[in-house]
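Colleague: Residues per chain are reported as follows:
Number of protein chains: 4
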Amino acid sequence: MFHFESDYLEGCCPQILEALQATNLEQTLGYGEDPHCTEAARRIRYVFDCPDADIHFLVGGTQTNVTVISALLRPHQGVLCAESAHINVHETGAVEHSGHKALALPSPAGKISAAQVRAALQAHHSDFSREHMAQPGMVYISFPTELGTIYTRQELEELHQVCQDWEIPLFIDGARLGYGLEASGCDVLPKDLPRLCDVFYIGGTKQGALFGEAVVFSDTRLSEDFRYFIKQNGGMLAKGRLLGIQFETLMNEGLYFKLARHADRMADRVRAAFQRKRIPFLVENTTNQVFPIVPNDLLPRLEENFGFERWQIVDEGHTAVRFCTSWATPESAVDELGGFIEFNL
Amino acid sequence: MFHFESDYLEGCCPQILEALQATNLEQTLGYGEDPHCTEAARRIRYVFDCPDADIHFLVGGTQTNVTVISALLRPHQGVLCAESAHINVHETGAVEHSGHKALALPSPAGKISAAQVRAALQAHHSDFSREHMAQPGMVYISFPTELGTIYTRQELEELHQVCQDWEIPLFIDGARLGYGLEASGCDVLPKDLPRLCDVFYIGGTKQGALFGEAVVFSDTRLSEDFRYFIKQNGGMLAKGRLLGIQFETLMNEGLYFKLARHADRMADRVRAAFQRKRIPFLVENTTNQVFPIVPNDLLPRLEENFGFERWQIVDEGHTAVRFCTSWATPESAVDELGGFIEFNL
Amino acid sequence: MFHFESDYLEGCCPQILEALQATNLEQTLGYGEDPHCTEAARRIRYVFDCPDADIHFLVGGTQTNVTVISALLRPHQGVLCAESAHINVHETGAVEHSGHKALALPSPAGKISAAQVRAALQAHHSDFSREHMAQPGMVYISFPTELGTIYTRQELEELHQVCQDWEIPLFIDGARLGYGLEASGCDVLPKDLPRLCDVFYIGGTKQGALFGEAVVFSDTRLSEDFRYFIKQNGGMLAKGRLLGIQFETLMNEGLYFKLARHADRMADRVRAAFQRKRIPFLVENTTNQVFPIVPNDLLPRLEENFGFERWQIVDEGHTAVRFCTSWATPESAVDELGGFIEFNL
Amino acid sequence: MFHFESDYLEGCCPQILEALQATNLEQTLGYGEDPHCTEAARRIRYVFDCPDADIHFLVGGTQTNVTVISALLRPHQGVLCAESAHINVHETGAVEHSGHKALALPSPAGKISAAQVRAALQAHHSDFSREHMAQPGMVYISFPTELGTIYTRQELEELHQVCQDWEIPLFIDGARLGYGLEASGCDVLPKDLPRLCDVFYIGGTKQGALFGEAVVFSDTRLSEDFRYFIKQNGGMLAKGRLLGIQFETLMNEGLYFKLARHADRMADRVRAAFQRKRIPFLVENTTNQVFPIVPNDLLPRLEENFGFERWQIVDEGHTAVRFCTSWATPESAVDELGGFIEFNL
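Same order as they appear, the protein sequences are chains D, P, X and Z.
Here this note's numbering = 1-based position in the first sequence + 308.
Here this note's numbering = 1-based position in the second sequence + 308.
Here this note's numbering = 1-based position in the third sequence + 308.
Here this note's numbering = 1-based position in the fourth sequence + 308.
In case anyone wonders, no lab produced these hints; they're calculated from the structure.
Just so you know, even glycine gets a beta-carbon here, dropped at the ideal spot from N, CA and C.
Between beta-carbon pairs, the in silico distance windows are:
hint	chain 1	residue 1	chain 2	residue 2	range
1	Z	GLN430	X	GLU624	17 to 23 Å
2	Z	LYS585	D	GLN329	37 to 43 Å
3	X	GLU391	D	ARG529	31 to 37 Å
4	D	ASP360	X	SER434	25 to 31 Å
5	Z	GLY493	X	GLU391	32 to 38 Å
Please work from the sequences and hints to get the whole structure.
Modeller: Here's what the structure looks like:
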């Protein structure tokens, strides 16, 4: 039975395993100060067209979010984010554990708008009791969002503009960045990202690496002493080269984007299969996550044949479910799922 | 011009000033280990009928909330509270600064219900991703609430029952406790409180003291090492006797309740004056805060004659405002306000 | 029996009680935004000759230390201090609770030197593993120290110079500031302080107030958003005017210094009494704390007649004890103690 | 040129690379809830003879230390440890960042004794100001220590006894556990560890794995909700199976111990080579780290031929250096080093 529960069910793309094998007995300094990290950073600067960016490698997403946010905020500040944001919902309060309030804004379809952010900043500023409230000190969004939706370039520009107007940084969680950039209809290019925000990260864990997230500070004033923060937050891998080797590989000849493109195309086909049966979706999106709303009586049979997640109860008779594709999803599995939908839904 | 902006505009009731004067040159040990603190605790145990309670004195409300919550939760836990709760809105993220997420529930009229709490606990428990979410570890309510509303005894019993079923503590913020207990229609008695929750506090700052909050642990397992927490959170007053002297005085011959009763009766009269003019209220309540919704064109004249707070814009033409009474509000000021309303609204 | 255990055994100087009485029914805004706080700040700026300083009032010492340190450091930074520093020993780990390591330096006689600080900064800077260590981000000293010793102007200048060379702030805990400034042999003047450090505070609690510490930021870049920090750390007194009224009084006609001078002169006489009997001291000092080393067999009789603290076991037969004087110590008590020493030691 | 700077200069033992290869396309649940983690835990329970232990896998040492300490302490508590402890020196204040004071004890040779711990606990308990001090809430030691020394079984038993007497947990950092257990003269067996402490971890990163530390709670009351803590501290690896696969491999047929034994034997030979030339050592030890004290004029030539760390300046003419061996150190490199020492020192 093939599993579509998430995009981190398998190990890693074969190229990475090969690279690990090939470099295994090299002796290198630890903690990210090795030639592979240097080379990976060089390639990222090239691919994302940010020759002056400061680049750091961490192990996982929650760790990266907390470490960046911890470096960007002063203690009395909170982080504006979507109500559905990963940091607000699925990180066991890690941001609060580090001392900061998540200032959540309503987020239909997982997104927040420049208008919302501006209103929140204005409201705080004009409140006579503002010193009794956590001060909004940065904006966090994810691209794609938790619901697999993406921001348009225009939307990102507007968000960034608000942040610049109010002199606070914009941070983009790119745990699934490639799936967003390769989504049909996406008008954001890799080279746009560094100028559309102050810091973002390129997710490896969910996109073909064993693990690893590459943080890109386009505003290098924000990364002062960032290595101290990585260490303090438990993210400084002793064998840091493992991160370098993986991103070196992923950034080689567009591999990162190829893997993402494959996943997105597989998701498009899953989406189309449901559409043909007029199954509605919880949210319209074009990335590697598909959220069909399925009649409950079909769930057991679907679960007998495929792995996927029950996401949300929609009404008494229907449940939204999630199918994820990844770099590792074979066409045959998607064909099989398509066939099943065709004949059973 | 008389001011109704808040219930902490003046110094303190004269009895406290006298007691400070009378004891001024006594030499006592510091940090709350003096005879006045002992006597104040004894009187509280008597008045609230909790002979075994553990009692501590702190300086202010935010400090008390953070210190108690910090003592009750483990790091991965959050605190269930009303969206409008003081800890969620008006403490500059102090609870998050101490590491914990405020798990806010919708709170029409400032209150949350046992059903809401039960649902939240059940939802967390049955979520497969619960380890990725802050665990609800306690419930915080205030009595009266931020909107001056009060819980019935039945409601408190139900809330406490849910907490006991789920083995988490219930903490009642009583910054304005007396105004609640003396409110018309309140069916909660002082002696009910210790058995209706695990820890609560008796507010002094807003009820006639210069400052001070008395924390009452009816579940004394929760107060282990609490003095360490007070010190760590900056709440251990060197001259702790100042707190003892004040609560000794307030708990003498029912003074605390008399002062509160006066404020509530003054508020009733303010409320009645608005009602007579068919002015609606933002919320129905019977404590010392009154929230009439006033036509905007009357605001300037009202503000020329009385001090009060603009609370919330209701619609284009109307604003909810807040009038607070206190132990110090003279009848004459209420009469004057009543007269003004009678002839101008 | 008269007690010399500490300098916070009594209430407050009579002038403060009178001022509280006189202002009791004034209606003022809360949270330190009242005319008394404004006037108190004005007087402090005048007395300490720092017309541009930013001044804030907090309730107690631990609270003040944590709040200032929290505002000055980034998360990866620690605070250089004496091993015997109050923040390192007697604040229940409050600084660590707020996330920062106390970087303690050996401190004979309670003091640290510019050379020590420079060496620590240099050592950190030149360590290849520095990113694995808490970065020294500020220096904390107290004046007088925990052992009642004081820094010379020269020593303070040198400490400040190191801090400026390394671009980190110098913070002086002045919980007993007056006792230091009035000590015989002290060559530091009130007007020196603002230029000898970046932020300091003027202790009220131990010097004649009921409570209260006045923080003076001579480097006003450091106090940005400081009121948020006060609130977040539970130090924003609702009736903030209580702090204003007290410091207004203390800063009137040199009262603060007169009270301190009295205490220091009383301590000088206690010291002289021990010296006449060739009793050695744990530390040489000239402020309001006296640390004679007493033969153990004399302790019981001394304790029968006077209150004081056993401070430290020196050897099998001797114990260092502490006698504190204060604004409230009557000459008669000191005479009595002097007589006792004369005839019994 | 061969490098002896640390024991994490290479990738991993070939068996782990093979296992990663073999399992790469398996689809498994994330976050450590996969069959490989289950099997790895089963093997650890068998090898360390602790059938009821609760076992968790984390990525790195600092992360593991902070997560365990965070789970074991209440906010007012600190952790007793050696002055030279990793948590006290080389984790960028991570333990303090999580809110706790490191209570450092003098540690000649990296070790602390039961007598020291007992004295510290007794001193805290009998101090009248104890509520003003961080309460010792646990003991942290490492085995081997930072200086490569090891505790005897007797010493561990005594430390554990103190902890049990005072009802606080003993936590052993085993980042280099295998090197300790296989050291000549070590009388501690794997099966002893679970009964000699309450929680310990088995280091993978420095002992042949790519990364990973296996935490073993022999006292399972301490591990309640530990997965929440792992997530909150950023240590919950999405592809948790990577940890399972690695420890499954290391715990298979004694591989973990064989790798450690090899390293220790290589270190013994390095040690002997220095001893033959009567070179003294900074510390006597038998694990994989060797600390010879080398005349400064020999350093340049040594550095031309071998990689190692300058550890500590001993006197004007001598420097202590560190040579580390590992699972990956070839005999030939040790022979070459031995020859060099023979003919050049």
